[in-house]
Amino acid sequence: MADAVLTHPARPRAPAAKPSALMRFLKRKSTVAFLMALPLILLIATLVVYPAFYAIYLSTLRKSMASVAWMRNCSWLPDAICTRIPFGNIQFLFTRETFWMVVWQSCLFAITAVIFKALLGFIVAHFVHNIPDKGQRKWRGMLLIPWVIPPAMSTLAWLWLFDPSYSAFNYTLSFFGIGPIPWTGNANWARFSVILVNIWVGAPFFMIMYLAALKSVPDQLYEAAAIDGANWWQRIWYITLPMMRNIIAITALFSTIVTFANFDIVRVLTAGGPIDKTHLFATWAFKIGIEGSDIPLGASVSLFMVPILMVAAIFILRDINQRGNEA
Amino acid sequence: MTDAALPRTTPARNVRYGSMKANREWALRWSYVFLVIFAAFSLLPPLYMFITSLKTSAEISAATNPWWVFTPTLSNYVALLTQPQFLVFFRNSAVVSVLVVIITMLISIPAAFALSRMRFWGSATLATGVFLTYLVPDTLLFIPLFKMFATFHEWTGIQLLNRWWVLLIVYPTLTVPFCTWIMIGYFASIPKELDEAAIIDGASWVQVLTRIFIPVALPGIIAATIFAFTVSWAQFLYPLAFTTSVDQLVLPVGIITTLIKGDVFNWGQIMTGALLGALPPLIIYAFLMDYYIAGLTAGATKG
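Protein chains in written order, with this note's numbering: chain A, 413 to 739; chain H, 10 to 312.
To be clear, the hints were calculated from the coordinates, so they are not data collected in a lab.
Beta carbons: idealized from backbone N, C-alpha and C, even for Gly.
Check before you lean on any hint, since a few could be wrong.
Said to hold, decoys possible - Anything over 12 Å on all C-beta distances counts as not near chain H; from chain A, calculated:
#, residue
1, Q503
2, R552
3, P686
Said to hold, decoys possible - Computed Cβ-Cβ distance ranges for the label pairs, DEER-style:
#, chain 1, residue 1, chain 2, residue 2, range
4, H, F274, A, I468, 17 to 25 Å
5, A, F587, H, R172, 46 to 54 Å
6, A, Y462, H, F50, 37 to 45 Å
7, H, T73, A, L653, 43 to 51 Å
8, H, T73, A, G597, 19 to 27 Å
9, A, L653, H, I46, 20 to 28 Å
10, H, V87, A, F727, 46 to 54 Å
11, H, T253, A, L520, 48 to 56 Å
12, A, L653, H, T253, 47 to 55 Å
13, H, V42, A, L447, 52 to 60 Å
Take the sequences, apply the hints, and build the full model.
Right, dumping it as C-alpha cells:
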C-alpha cells in the first residue's frame, strides 16, 4: 500500500485527478505480485497439472474398439457395457506377465541403485573430507564429472565398453582368465549393467550432498568423542549419521524419484532388452505409447509410477516443512 | 571395510604420544589410495570416449588393445564437424538451450521475487506447488503432452510435433520449478531492510527487483542459469518423443538415432559425437564449478 501512495506524486497526471479504480487495482502490491507470478502459474497449470490429469483421462480410453474386447476379456458382455468400463487398460495390464516384470524390475533397479549410490557417496565423501582442504576442490571436481556429462552421452560410452565383441572390459578381464561376460546380452548381467551405470551417474550427487553435510558437522563433537575414546564406528554412528540424517534422507528420496523414473540409461544401454528383462515403467511406456502408438495403454503404464513418486514426495515435503519451522 | 583398516592401529599406538598424528597420516594415505580408485572409475567412460574418438575404424575392428591408440587420427572429428547434419544438431541444441535459459529466467525470477517478498492470496501454497512440480518427472508427462500437441494440431492446424521449437515449450517445465525454488531461497536470504529502504525512497516493486534483488542475488542467478542450460542440453526423452525428422533433432538424440544405423556401429564417430555432445556442459562446469555445486546443493538444503 505504501508504495502506491509514494509513487503517486511521481506520476505525470495532474495530482488533483483521482486515479481510476483500475489503476489503483493495478498498483496494489498483491496485484503486482500476482502478475509477476502469472507466467509461472500458467506454465505449471497448462504443462504440468493439466497433462497429469489428462494422463488419467487417457488411461481410461482404448486405442481401438477391436482391441477392447480382447483386452478386457469382456466379449461376452454387450458391446455397450464392455466398451464403457473405465480402466480397462489397467485390467489388461494386470494380466500381462511383462507388466509384473516391469514392476519388479523398476523396484529392484531403484532400490539397489539408490542404496549403492548412497553408500558409495557416503564413503567417497569421507575420503574427500579427510584430505587437506587445499586438494579437495580438485578431487571433488574430478569425482563430479559423471554427473555433469549428459546421461545419454555417457551411457553411449558404457555401451561401447560393454560391446559384445569389442568390450574393453572383457579384453581386460581376459588377462585374469575371466571369460567374456555378456554385459548386455544376458538378462541378469544386463540388469547389473544398467544398475552399475546408474550408480556411476548418480553417486557423485550423493557425494557432493554428503560432503556439504560433513562440513557442517562441528569438529568439537569429534574431538569430544575422541577424548571419550570412541572408535571410528562409534563416531560415525553417534555423531556423523545423526547430524547428517536430514540430508541423507532428502538426498535418498530425491534420488529415488529420479532413479525410479529413469529413462535415458535403460533406453540407450539395452532399450529394455533382452526380451523386456530391463524395461522400467518409463521405457516400457515409451515403447508402448510412442513407438507402438498405443497412447492410452502407455499412459496407463506411466501412471503406475505415481504411487511411489507420491510417497517419496510426501516425505520430502514433510522434511522441508519441518526444517522451515525450525529456522 | 576399508576404513576399518586405518583406525585399527589405534589401540596399539594409544600408549605412545603423538599417535593422533600417525593415525591421521595413515588415514590420509588410505584416503588418497581410494580417491584414486574412485576417480579412475569416474573418469573411465569419458576417457574411453576420448581414446576411441582418436582411432580409425580399421584399428577399432582389428581388436587391438582397446586402452591404447596406436595410430592416432583426427579423422572422426573432421568427419563429424564437416557433416552438415551434425552441425544442424549442434545448432538446434545450442539455440534451444540458450532460448530455454532466457525463457526460464524471465519466468522464474519475477515469480520467485513475488513469492518470497510480496505475499498474495495463495502464495504460500504456490511456493509448495512449485516444489512439488519439480518432483514430477518428465517420464510421467511425455505421453499426455504428446497427445495434447497432436490434439492442438487438430484444433488449430498449428503443427507442434516434429518441430524443434516444441522443445521451447516443454523444457521450461523441467527448468522453471527448480530455478524458481532456488531463487526463492536466494531472495529470502536478502535482508528486508534493503527493499524497505528502496520502497521508502520511492522505488516501485519492479525497480526493487531489477536494481536490488537481481544484482544482489547474482550468484544464485548464475547457478540457476547453469542448471537450466545443462538440463536443456542433456534432455533426451522429450526430443526423442516429439521430434523425428533429421533436421529437427537436438544433439543427444541426433547422435543416437543417426550414428547408430542398424547393426553397423561406427564407434569412432559415435564416441566423437558423444564427446562433443558432452563438451558444452563440461566446459561450463570447468569454469564455473563453484556455482554449479552451489546450485546442486541448494535444491535440497535451502528452503
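Results of checking the hints against the structure:
no. : hint                        : in the structure
1   : Q503                        : holds (19 Å)
2   : R552                        : violated (8 Å)
3   : P686                        : holds (16 Å)
4   : H/F274 x A/I468: 17 to 25 Å : violated (41 Å)
5   : A/F587 x H/R172: 46 to 54 Å : holds (51 Å)
6   : A/Y462 x H/F50: 37 to 45 Å  : holds (43 Å)
7   : H/T73 x A/L653: 43 to 51 Å  : holds (49 Å)
8   : H/T73 x A/G597: 19 to 27 Å  : holds (23 Å)
9   : A/L653 x H/I46: 20 to 28 Å  : holds (24 Å)
10  : H/V87 x A/F727: 46 to 54 Å  : holds (52 Å)
11  : H/T253 x A/L520: 48 to 56 Å : violated (32 Å)
12  : A/L653 x H/T253: 47 to 55 Å : holds (49 Å)
13  : H/V42 x A/L447: 52 to 60 Å  : holds (58 Å)
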